[in-house]
Amino acid sequence: MSSGYQQAGGYANSFNNNSFNNIVNFNTEIGDEGRQILQWLSPLEPHQRHQGVRIDRLDSVGNWVLETSEFRKWHDAEDGSVEPVLFCYGNPGVGKTYVRYEASCLEEGNAWITNHL
Amino acid sequence: MVGLYCDFLAQHEQSTANMLGAILKQLANRGGIPEHIKEAFQEAKKEFGGRGLRVPDMVEILKKSTASLPRVFICIDALDECTAKHRRDLLESLREILRMSPNLRIFLTGRSHIDDEIAKSFGKTLRIPLSPAHADIKRYLEMRLGGDTDPYAMGDELRADIMRIIPEKISDM
Chain R
1 MSSGYQQAGG
11 YANSFNNNSF
21 NNIVNFNTEI
31 GDEGRQILQW
41 LSPLEPHQRH
51 QGVRIDRLDS
61 VGNWVLETSE
71 FRKWHDAEDG
81 SVEPVLFCYG
91 NPGVGKTYVR
101 YEASCLEEGN
111 AWITNHL
Chain Z
1 MVGLYCDFLA
11 QHEQSTANML
21 GAILKQLANR
31 GGIPEHIKEA
41 FQEAKKEFGG
51 RGLRVPDMVE
61 ILKKSTASLP
71 RVFICIDALD
81 ECTAKHRRDL
91 LESLREILRM
101 SPNLRIFLTG
111 RSHIDDEIAK
121 SFGKTLRIPL
131 SPAHADIKRY
141 LEMRLGGDTD
151 PYAMGDELRA
161 DIMRIIPEKI
171 SDM
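As given, the protein sequences belong to chains R and Z, one line each in that order. Residue numbers for the first sequence, in my numbering: 1 to 117. Residue numbers for the second sequence, in my numbering: 1 to 173.
Don't take every hint at face value.
Taking lysine-lysine pairs in the DSS-like style, the calculated list, with each CA pair at most 27 Å apart, reads [to be verified]:
(1) Z:K45 <-> Z:K63
(2) Z:K120 <-> Z:K85
(3) Z:K64 <-> Z:K138
(4) R:K73 <-> Z:K63
(5) Z:K138 <-> Z:K63
(6) Z:K138 <-> Z:K169
(7) Z:K85 <-> Z:K64
(8) Z:K64 <-> Z:K38
(9) R:K73 <-> Z:K64
(10) R:K73 <-> Z:K120
(11) Z:K85 <-> Z:K124
(12) Z:K124 <-> R:K73
Calculated directly from the structure, the hints in this document are not laboratory data.
Extracted from the complex, chain Z is given alone in its bound form:
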């Protein structure tokens, strides 16, 4: 299982190469750094200033790395938060890796407007619409009310209203 969080505030450093690199880094970290990665590193070091890996190199290395494991799960959060170009290249790279690695599963989260892009890269996907679950909201409110430093200032009626109205409002999101 390897994961990645995208963030509006870090769009600049979240290039496709850096994102694929972060996936690779976690895979490499799991079972010791594979020889093929060490070799690529030594090759790159020979060049002036030592260059970074390019996206096609990363895709090739990721294919090898995922193929050597029984199952690999890649989770990427907030895919809509990276730039459109980086996202397109990332999705295309993942599609390319998937083609060679039937043992790879990919879990993505994001806002629904990137649905078309995902369909374009992967064709049919499994989809789950998310909205806050009533039970989750209630448990959160109970936790917050339980931590109230001045519980006597709040009457039972207000407490009951909070527990009833907030979950109702949030469910409309």
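One chain only, chain R, in its complex shape:
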């Protein structure tokens, strides 16, 4: 598809690292104007926090959420027949952020495949 994705293909063994490197690589490729545009769009840098969560968390914590029928249904739907919004709720400290991280890694893999084929 895009040059960024083809480049990312070389690191396909690890989606986690890949997603971060991809952003870094891209930033050097898009040039000054590209960087200005990204900064103009928003000063927030969510991938930095994502990286922090990746380092802190214990492997596969929160995996059970990905096995629930609600998650599978939400994730696998290809059309408008399934509710497009999934809400995971819980008290402070139960690990919502880590579950969200887990979900996004799975997505990262799929998004990558979708974009690649």
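With the hints as your guide, set chain Z onto chain R.
Same frame as chain R, now just chain Z:
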């Protein structure tokens, strides 16, 4: 897949425009910056001081950006941590984008008290209640006990108590 973390400590910078902008930024980063974003940037630059995008502009651009991809997942963490106003505007914006993009899926986490707001924006949603899984807690404790720098100071009985009592207590959360 694009994501966003909300944080009490950064409420000021987490305006609706900045949050939507962060989503847009990640989408733009994926496949090279789309022409329609470049054009909007050039337009904005012409004005004195170069203005930022307004929320309705962002919604329009996000509609175009998501519609051009086969599938888009937006994950937003700790939605309860941004201000009520920003959250309302963010949810309304997402609803508006969803209307035009059947290929978009949204994953939200937050405390249950924002349930009503989510229902108001999206109607029926899929929901998963979260509580720490027993197995996750046990694995975490084993990891921490395994890293004990002075393992001989702890008897087997204390170790067994830790492994039994902590998961029990946490499961009541």
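Going down the list of hints, with the structure as the test:
1. Z:K45 <-> Z:K63: Status holds; Cα separation ~22 Å.
2. Z:K120 <-> Z:K85: At roughly 14 Å apart (the allowed maximum being 27 Å), K85 (chain Z) and K120 (chain Z) satisfy the hint.
3. Z:K64 <-> Z:K138: Given that 27 Å is the threshold and the Cα spacing comes to 46 Å, the pair is violated.
4. R:K73 <-> Z:K63: With Cα atoms ~24 Å apart, K73 (chain R) and K63 (chain Z) stay inside 27 Å; holds.
5. Z:K138 <-> Z:K63: violated (44 Å)
6. Z:K138 <-> Z:K169: The given pair, whose Cα atoms are some 12 Å apart, holds under the 27 Å limit.
7. Z:K85 <-> Z:K64: Measuring from Cα to Cα gives roughly 25 Å; hence the hint holds.
8. Z:K64 <-> Z:K38: Within the cut-off at roughly 13 Å; holds.
9. R:K73 <-> Z:K64: Satisfied, since the Cα-Cα distance of roughly 26 Å is no more than 27 Å.
10. R:K73 <-> Z:K120: holds (22 Å)
11. Z:K85 <-> Z:K124: OK: K85 (chain Z) and K124 (chain Z) at ~22 Å, within 27 Å.
12. Z:K124 <-> R:K73: holds (14 Å)
Checked against the numbered hints given earlier, the structure breaks hints 3, 5 and satisfies all the rest.
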